[in-house]
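So the protein sequences, as listed, match chains P and H.
When we follow this note's numbering, the leftmost residue of the first sequence carries the number 123, and every step to the right adds one.
When we follow this note's numbering, the leftmost residue of the second sequence carries the number 123, and every step to the right adds one.
In short, the hints are calculated from the structure, not lab data.
Note that beta-carbon positions come from the ideal geometry of N, C-alpha and C, so glycine has one too.
Check before you lean on any hint, since a few could be wrong.
Using C-beta positions, here's what the derived DEER-type ranges look like [stated by the list, open to error]: (1) P:GLU183 with H:GLY661: 49 to 55 Å; (2) H:GLU354 with P:SER571: 50 to 56 Å; (3) H:LYS673 with P:ARG269: 56 to 62 Å; (4) H:ASP250 with P:GLN492: 37 to 43 Å; (5) P:GLY265 with H:LYS675: 56 to 62 Å; (6) H:GLU645 with P:GLN685: 37 to 43 Å; (7) H:LYS455 with P:LYS546: 29 to 35 Å; (8) H:LYS388 with P:LYS500: 34 to 40 Å; (9) H:LYS364 with P:ASN318: 44 to 50 Å.
In case you want the letters, here they are:
Number of protein chains: 2
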Amino acid sequence: MGSSPTVRTFIFLGSMKKTKQQKNLRIIPLGGLGEVGRNMTLFEYQKKILIIDMGLRFPEETMPGIDYIIPNISYLAGKEKNILGVVFTHGHYDHIGAVPYFIEKLGKNLPMFAGRLTKGIILKRQKDFPGKPELNIKDVKDGDRIRLGPFEIEFVKLNHSISDNFGLLIKTPLGNIFHTSDFKFDPSPIYDLPTNFKRLRKIGKRGILLLMSDSTGAEEEGHSLSEKEIMENLEELFKKTKGRIIASTFASLINRMQQIITLSEKYKRKVAVDGYSMKTNVEITRNLGYLKIKRDTLIKPKQTADYPDSKITILCTGAQGEGEAVLMRIANKEHRFLRLKKGDTVIFSSSVVPGNERTVQMLKDNILRQKTNVFHYKMMDIHAGGHAQKEELKKMIEIMRPKFFMPIEGQYSMLVAHAELAKKAQIPQKNIIIAENGNIIDVTRNKISLSKKEVPSNYVMVDGLGVGDVGEVVLRDRKVLAEDGMFVIVAIVDRKTGRVRGSPDIISRGFVYLRESKELLAETRKKVITIINKATGGGVVNWAYLKNEIKEKIGSFLYSKTQRRPIVLPVIIEV
Amino acid sequence: MGSSPTVRTFIFLGSMKKTKQQKNLRIIPLGGLGEVGRNMTLFEYQKKILIIDMGLRFPEETMPGIDYIIPNISYLAGKEKNILGVVFTHGHYDHIGAVPYFIEKLGKNLPMFAGRLTKGIILKRQKDFPGKPELNIKDVKDGDRIRLGPFEIEFVKLNHSISDNFGLLIKTPLGNIFHTSDFKFDPSPIYDLPTNFKRLRKIGKRGILLLMSDSTGAEEEGHSLSEKEIMENLEELFKKTKGRIIASTFASLINRMQQIITLSEKYKRKVAVDGYSMKTNVEITRNLGYLKIKRDTLIKPKQTADYPDSKITILCTGAQGEGEAVLMRIANKEHRFLRLKKGDTVIFSSSVVPGNERTVQMLKDNILRQKTNVFHYKMMDIHAGGHAQKEELKKMIEIMRPKFFMPIEGQYSMLVAHAELAKKAQIPQKNIIIAENGNIIDVTRNKISLSKKEVPSNYVMVDGLGVGDVGEVVLRDRKVLAEDGMFVIVAIVDRKTGRVRGSPDIISRGFVYLRESKELLAETRKKVITIINKATGGGVVNWAYLKNEIKEKIGSFLYSKTQRRPIVLPVIIEV
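The shape of chain P in the complex, shown without the other chains (with noise of 0.2 Å):
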């Protein structure tokens, strides 16, 4: 299989145009450490800037108290007249999450396009953030086409767990790249149509200067499950329950909610949705159609006890196990209405997401210590994630056959596994790019590099209202204060005697249990003040220096008594 013979098949009328500009492509794919070009990813051909989605990520356990992180998006500052507009893949919050933080610096107007659910998505996630502009979104379907500048994309449907979603075929001066979004190949979804592979085979002739694909499965073999298989392993269990089914799932996974709500009707079951997300999006689907749900099928959680168990279903957000989520306040006696009792059926439709191991567990344990049953995806199939695994990932790329090859949206691993299987499907090496958030890719018809320079690409952290605010420092001292909390000293001198004034003030949390402390209190105190006397006694006194000593010295000492190391903060006042 060589790619030469799709290569003849660029003539182009856009690369007719020449130039003394720039003459290469530019990808720059944004978003920080990790998962390449899932948040975000420019396209720059002679100034003019494509944006592909603008996502966000969910923190890192190192980073304690923040909300999310965003692209660093400062590349783009003083370029905002060249920003052509932004295609959306679809409405999960890893690809439309960033929108309110960028909209304002991007310009209000920017010409946004999206499938009809994404843009529901995105302008009820708008609305969460009051102040905030309007959106210019236009909403586009399957076969599409839209022109930017230089660029034409085709929005080309495929499957995932969310409909809408789009790989985008994107005609550039210098050949077509297409550009999986998440995907999967679905021979038998369920209310959704099969991968139309006719269609991809056609895209595929028309020649594929780079494909871009989508890496979240590469280390996993074989294929990934269908939704049919899901539908019927999930049916097993409404057909035998007798008891009430609290099924838990992802608020995004709109398909799975779909599943388990026409099960519900096949089944006799009136369905409950209870979670702030699964309710907001319960709302939009159904709105656009996107959800079937019959008129009667849908009760308040409250209501749920006016019915026999059997004819119970609830549908709810925590599978993830997440401290405010409906499921783990169930199963810690704290929802206002529901309670878990013998008989009950929970069913945990979704894997666990890396670093959620341990609390998933501690939910299960918890549920089933209240004598409730369990299925989750480990026991059957009752899960299949939104990723094409390794054989469909081959079946891309061999449907494709693209000259360049550039693995995306996966961790820095699965892009080495998806480049491996490209490199078996004889993409000569060379052709291959493996990148960086932050890298610059450079891309003529013959060549695709890495350019030397990059953009920043550090992480931007929201907390609260602050965007970008917390860095570095800010998070060192909250991993400190978690660990070994802090320790103020409040010391009083007096000028003219330069003696401290009666006893200096502890304040300390998050270090030792304060009242039981009392004699290591009293013996600081005393050091307190012996560093300070001596210090203060004879000429002038160095306050910077004498404060240093303090923290020095008080901090040896505490370590010393407890092998901690809080950080010790002392205040000095001259009275």
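Given the coordinates of chain P, work out where chain H should sit on it, guided by the hints.
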């Protein structure tokens, strides 16, 4: 398969001496919420107490700064003279690590019994705690029997990931109890004897009143991998690798370390061992003859540069992505001598401990970025856990044919899964006990039941030199500090005028970046002055009320401006 034939065999001298004392046997697992009886278990009969294991656990994510969790032994307070002794199953820290914290409380001369290797590890650990008393440990070997009061304990070698692992046949006046320790059945272990099924069957035939069996693998289908398969796969890697091999595993996986060393010797590689715990364990096991190393195999990490890459193996800790461990330091270019280079092969020969998935992913990514090869247990079978899976667990139940069954050593969901296996093996539901730590399990000849009483079993946290002094209050403060930091306000009030002198000092950490928040700080100062001046304006000042007022008002002001809630600590000084 009925259980009655097994019961008839229990004619036992001990049971003849009938007293009016407690006639039942009490089993009390200790160790906080979670894995039942992994760390420590008490057997109490007529006030005499036998202790099995004294281990520790690693803290949850919700316990910042905590080093370990140890069992709560307050139940033993006042009963020290009734303690017969401690029997250790094997040398892993979750079974022996709490010894230094308990030994003084329970009596310096407390008799202890452990395999030779276990004894070596316990003694070595005791040395890390200077000033602690010497221990009174007797070593035991397979087949040994000891008598402790009403209990006779026979040591029964079982396979695990460390040598000298003993299941315990505990003969009590009520009948025989078999405690499996951690175990797996391995028909072809490396450097170890295969499971002696003949002997186990003999034990089963003597009649088992209660089987307490390891549940760690109870949710895993099939049979655990044999170390022979692991060895063969590792050998494949050694055979084909040209560059250096960097093999990382748990320091507690002595068997795996032996495999790596043996393969290195076979393929003419020198071995540099790095990492404190691994070096320690190599030393202990080598001295005791458990680890076989040729005289000239080991070199120092510094010496690796003196040999061709094809002649080097580096055996190190850090497969869990631990921040300070060797592999992380190598990957982050922070190791004193070792840097990764193209051609290196890094082997992760261990599974990922739940909760470490993200860190291990980042570590792997970081290694791959340096163009090295990575092999881990998801790619090929180069790791086997030390725990029996479903088929082995069933077999253990079938061999022992116990009257009563108690799953131990696993998260609650694993205990439930293990209990399911026992039910399928025809043990009646009423004879199966799923307990929690702190429960009292009452055993008679005819009945096993949970007492309504419980013993204290909350977590005891070890933080530096403090044992149990960090409680809920301190932890809660640490969590808040980690999320949003702290904000100390120091104001000086003139006693005569009642007005604030100068401008209040503000000290803050982990909240906002102070240098970029001057406006916020200025506004806050103004507000503080207003609040104080108002309160001190007329008559008697209620200082406690005033402080609270500042806390609340400034707290909500800061929240309105930032949507963060730092701990606000006002200090008011009257001069």
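Outcome of the hint check:
Between P:GLU183 and H:GLY661 the Cβ separation comes to about 51 Å, which falls inside the hinted range of 49 to 55 Å. At about 42 Å, the CB distance of H:GLU354 to P:SER571 disagrees with the hint of 50 to 56 Å. Range check, H:LYS673 to P:ARG269: Cβ separation about 59 Å, and the 56 to 62 Å hint holds. Taking the beta carbon of each, H:ASP250 and P:GLN492 are about 42 Å apart, inside 37 to 43 Å as hinted.
For the hinted restraint 56 to 62 Å between P:GLY265 and H:LYS675, the CB-CB distance of approximately 59 Å keeps it satisfied. Evaluation of the 37 to 43 Å hint for H:GLU645 and P:GLN685 yields a pass: the beta carbon distance comes to about 40 Å. H:LYS455 and P:LYS546 have their C-beta atoms about 32 Å apart, which keeps the hinted 29 to 35 Å range intact. Look at H:LYS388 against P:LYS500: about 38 Å separates their beta carbons, and that is inside 34 to 40 Å.
The hinted window of 44 to 50 Å between H:LYS364 and P:ASN318 holds, with their beta carbons roughly 46 Å apart.
The structure fails hint 2 only (numbered hints given earlier).
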